[in-house]
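Engineer: Listed in order, the protein sequences are those of chains A and B. If you read the first sequence in our numbering, its first letter stands for residue 1, the second for the next number, and so on. If you read the second sequence in our numbering, its first letter stands for residue 1, the second for the next number, and so on.
Warning: the hint list may mix true and false statements.
No copy is singled out in the list; a pair is fine if it fits within one copy or between any two copies.
[Stated by the list, open to error] In silico lysine to any residue, SDA-like type, Cα no more than 20 Å apart, as pairs:
| id | residue 1 | residue 2 |
| --- | --- | --- |
| 1 | K346 | A307 |
| 2 | K197 | L180 |
| 3 | K197 | N184 |
| 4 | K111 | H304 |
| 5 | K67 | V53 |
| 6 | K197 | T183 |
| 7 | K197 | F464 |
These are calculated hints, taken from the structure and not from any lab test.
2 protein chains.
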Amino acid sequence: MERVKTAQLYQNAEAFSGKAITVCGWVRSVRDSKTLGFIDLNDGSCFKGLQVVFEADKVDNFAEIAKFNVGSAVCVTGQLLLTPQARQPFEVHASSVRLEGASTPEYPLQKKRHSVEYLRTIAHLRPRTNLFSAAFRVRSAAAYGIHRFFQERGFVYVNTPLITASDAEGAGEMFRVTTLDQTNPPRTPDGKIDFSKDFFGTPASLTVSGQLEAECMAMAFGQVYTFGPTFRAEKSYTQRHAAEFWMIEPEIAFADLEDVMQLAEAMMKYVIRYVMDTCPQDLDFCNKFVDKGLLDRLQNVLDHDFAHVSYTDAVELLKKNNDHFDYKVEWGCDLQTEHERYLTEKVFQRPVFVTDYPAGIKAFYMRANPDGKTVAAVDLLVPGIGEIIGGSQREERLDVLQEKMQELGMNEKEYWWYLDLRRYGSACHGGFGLGFERLIMYLTGIQNIRDVLPFPRTPGSAEF
Amino acid sequence: MERVKTAQLYQNAEAFSGKAITVCGWVRSVRDSKTLGFIDLNDGSCFKGLQVVFEADKVDNFAEIAKFNVGSAVCVTGQLLLTPQARQPFEVHASSVRLEGASTPEYPLQKKRHSVEYLRTIAHLRPRTNLFSAAFRVRSAAAYGIHRFFQERGFVYVNTPLITASDAEGAGEMFRVTTLDQTNPPRTPDGKIDFSKDFFGTPASLTVSGQLEAECMAMAFGQVYTFGPTFRAEKSYTQRHAAEFWMIEPEIAFADLEDVMQLAEAMMKYVIRYVMDTCPQDLDFCNKFVDKGLLDRLQNVLDHDFAHVSYTDAVELLKKNNDHFDYKVEWGCDLQTEHERYLTEKVFQRPVFVTDYPAGIKAFYMRANPDGKTVAAVDLLVPGIGEIIGGSQREERLDVLQEKMQELGMNEKEYWWYLDLRRYGSACHGGFGLGFERLIMYLTGIQNIRDVLPFPRTPGSAEF
Chain A
1 MERVKTAQLY
11 QNAEAFSGKA
21 ITVCGWVRSV
31 RDSKTLGFID
41 LNDGSCFKGL
51 QVVFEADKVD
61 NFAEIAKFNV
71 GSAVCVTGQL
81 LLTPQARQPF
91 EVHASSVRLE
101 GASTPEYPLQ
111 KKRHSVEYLR
121 TIAHLRPRTN
131 LFSAAFRVRS
141 AAAYGIHRFF
151 QERGFVYVNT
161 PLITASDAEG
171 AGEMFRVTTL
181 DQTNPPRTPD
191 GKIDFSKDFF
201 GTPASLTVSG
211 QLEAECMAMA
221 FGQVYTFGPT
231 FRAEKSYTQR
241 HAAEFWMIEP
251 EIAFADLEDV
261 MQLAEAMMKY
271 VIRYVMDTCP
281 QDLDFCNKFV
291 DKGLLDRLQN
301 VLDHDFAHVS
311 YTDAVELLKK
321 NNDHFDYKVE
331 WGCDLQTEHE
341 RYLTEKVFQR
351 PVFVTDYPAG
361 IKAFYMRANP
371 DGKTVAAVDL
381 LVPGIGEIIG
391 GSQREERLDV
401 LQEKMQELGM
411 NEKEYWWYLD
421 LRRYGSACHG
431 GFGLGFERLI
441 MYLTGIQNIR
451 DVLPFPRTPG
461 SAEF
Chain B
1 MERVKTAQLY
11 QNAEAFSGKA
21 ITVCGWVRSV
31 RDSKTLGFID
41 LNDGSCFKGL
51 QVVFEADKVD
61 NFAEIAKFNV
71 GSAVCVTGQL
81 LLTPQARQPF
91 EVHASSVRLE
101 GASTPEYPLQ
111 KKRHSVEYLR
121 TIAHLRPRTN
131 LFSAAFRVRS
141 AAAYGIHRFF
151 QERGFVYVNT
161 PLITASDAEG
171 AGEMFRVTTL
181 DQTNPPRTPD
191 GKIDFSKDFF
201 GTPASLTVSG
211 QLEAECMAMA
221 FGQVYTFGPT
231 FRAEKSYTQR
241 HAAEFWMIEP
251 EIAFADLEDV
261 MQLAEAMMKY
271 VIRYVMDTCP
281 QDLDFCNKFV
291 DKGLLDRLQN
301 VLDHDFAHVS
311 YTDAVELLKK
321 NNDHFDYKVE
331 WGCDLQTEHE
341 RYLTEKVFQR
351 PVFVTDYPAG
361 IKAFYMRANP
371 DGKTVAAVDL
381 LVPGIGEIIG
391 GSQREERLDV
401 LQEKMQELGM
411 NEKEYWWYLD
421 LRRYGSACHG
431 GFGLGFERLI
441 MYLTGIQNIR
451 DVLPFPRTPG
461 SAEF
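Chain A with its partners taken away, still in its complex shape (with noise of 0.2 Å):
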């Protein structure tokens, strides 16, 4: 009698045919007729459960299965047999069903829809549903194969700090981090607060990028990406925002704008491909109930190059296209969401490349192009998005760095260490971010951060 996760059936059901397995996991549901009946049991080792027969003559304990409540935990040893003109390919009869922690009719996940609202508030939960275990396990997929893409190449880890003392883009709300006592902390003569008292002896917030660092690394490996958490305290109640989420940060070296969209489509077509072929009766489902439209989408993308746009060429799309947006296009604005996924779903109809921003609207490191106006930023687009990555080749001239950094009337002290890069071996570099949970919700067609995240930080929400 052996012990085995339900995945391991899927994966080759033939290899325990006839066998006594055990199978211990969670009841979904239980049917029964006078002397035989079915659970629907599920390990959460994949989407699917496994079809428990349990009958009067082969159990001990006939009644007590029957009025197993939904969301008992229960091993169940029997034999499999395959059922390949049933609805499942297998299924179990058991000949012991034994309870391992009982649930009761108050259950809060019984057989029935849940609105995703309600099963917010039941965050330790949720992931017992169909929809959060496919979120869940896809994330779990998408991360792993966003490690492989990356070290199959060669890239370094590294985990750049989130206590920081400095505000990698100059922009964007941050959580201030401190040990001081909020009621009364220390102050100094002029009544400010006195933070040679605090943990790090000066103010010290949580990151919103760890670019900055990774280049450091990237100018030592050549080749390096981060992986981790990253914050925004913007008070933002948007489907899109959360307060602490993942992102991948990689950076390379001797490397130019077109080494970085390179990388990005590479790295896109590879998690897509990973995740569909790791996760199918996850996508399965999510293409069934959440998003129709999904799996051909996300073939398309891996079926076609990537398109690639300038910023002014794709103003002059989209400014002949002003009458159906809310916000007019101007070259020089940013672009907005409707104007994003315009260009990505109707224009080019998969993702493309917007490359060459105006100076003005990007942040301070990135390099300056020569026509004195834009720079090298890109913008990766994808239907049903819009901004999904966001990368640039940095700014590796220490003038032309200094000079920016002064007309933005940034502290060079501050910077000493990322002016450093180029004062000793500068090459030409650059990266980009990708918001983990975009990925995902593009990777499931879930609509709300909220739902990919485990347990989501948003304003008035860190309760558990």
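Chain B: place on chain A using the hints.
Structural biologist: Frame of chain A, contents of chain B only:
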């Protein structure tokens, strides 16, 4: 002419023999005579560098090359020649050496030994040194090895939240996370801070463990693991503690303490083997210059089963040697590092699991043993480090857990969701936490946690 990484050459030099290749990297040293010179070039793709031979009659800028400062970024094109008789297995005979970014004589990493203390002050440059290049490459490989281990076994990777309104272990000082104005925070009529106006509407902190949330996920997926940052706001100045570090926390359902130990042993051996296979150059360096017994010790771990001893028996063994210890051992005391290392290094001479600790020194969620005194806890001790893993079987019995929480004066209402796991389909389960930096110290022999974190956060230190 093909752009290649040095690592590719060390993997299969024959494939490039006689061919024209281009390698881009940083100059570690330049030597020259009148017409012949050598560059030690390192591109970060592997530990070892590439010898570049440049000759006055083959390149058009011999004099310029000969004056390159250490740290310069260059791109070299030339023919790869195998040199089986020489100290290095191959070299490149340059037809072109192009300066990508200059360095200066002030470059802080001149070719001499620097103290690790000094190198910590230039964390942005130290990954370009032998020691830190090895440490961070091992770190990357170990991280991937861990993901591989769990993914191959069907574990679901889960991202537990970092910002939390609850204190997971009820222990350990935590960082407060806030967006309130610290100088003049909003106050309630009785003068307290009005946290209802803070970002999350309640006091929030940085997590000290994702375990409780991981338990929620394990009760849906059966087998899960976390791998993410964790925080401790303790003003500890030891070599073993950082304020921000990474943890791996697997959690398995329908599993007891024995299963937890089997998982931990399998994981440790897998990761050691993976790093030995993928980072031989890095480990060789560590074995030569950091810790001369390193490779023998790692091989020894692979070759033997881990030992097992109960806490009670371990205390008996230690008491016999109490004259060796600063802290004398008595049943009921927590084991200090000196005791842990004595057990694993002197008594067992291999990794050892110590099990069944007194309930009073362990966390509330650990499963009570039938003896009424101990809990089903386990620590894994390893030579050179002491404790590297701490785990337990979790208390899955609702009434026993509630009684324990009352005994400790804990507020049940704050843990309603954790208790729900015991109300609806509870199952015996357990898991452990592995401090990732401790693992890297173990794998490299590096003694200070500040030297295995790219940008360590310790009291007074969060600059970059």
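Engineer: Hints first: check each against the structure and report whether it holds.
Structural biologist: Results for each hint:
no.	hint	verdict
1	K346 x A307	within (13 Å within a copy, 64 Å between copies)
2	K197 x L180	both (7 Å within a copy, 18 Å between copies)
3	K197 x N184	both (13 Å within a copy, 18 Å between copies)
4	K111 x H304	neither (41 Å within a copy, 49 Å between copies)
5	K67 x V53	within (15 Å within a copy, 80 Å between copies)
6	K197 x T183	both (15 Å within a copy, 14 Å between copies)
7	K197 x F464	between (31 Å within a copy, 19 Å between copies)
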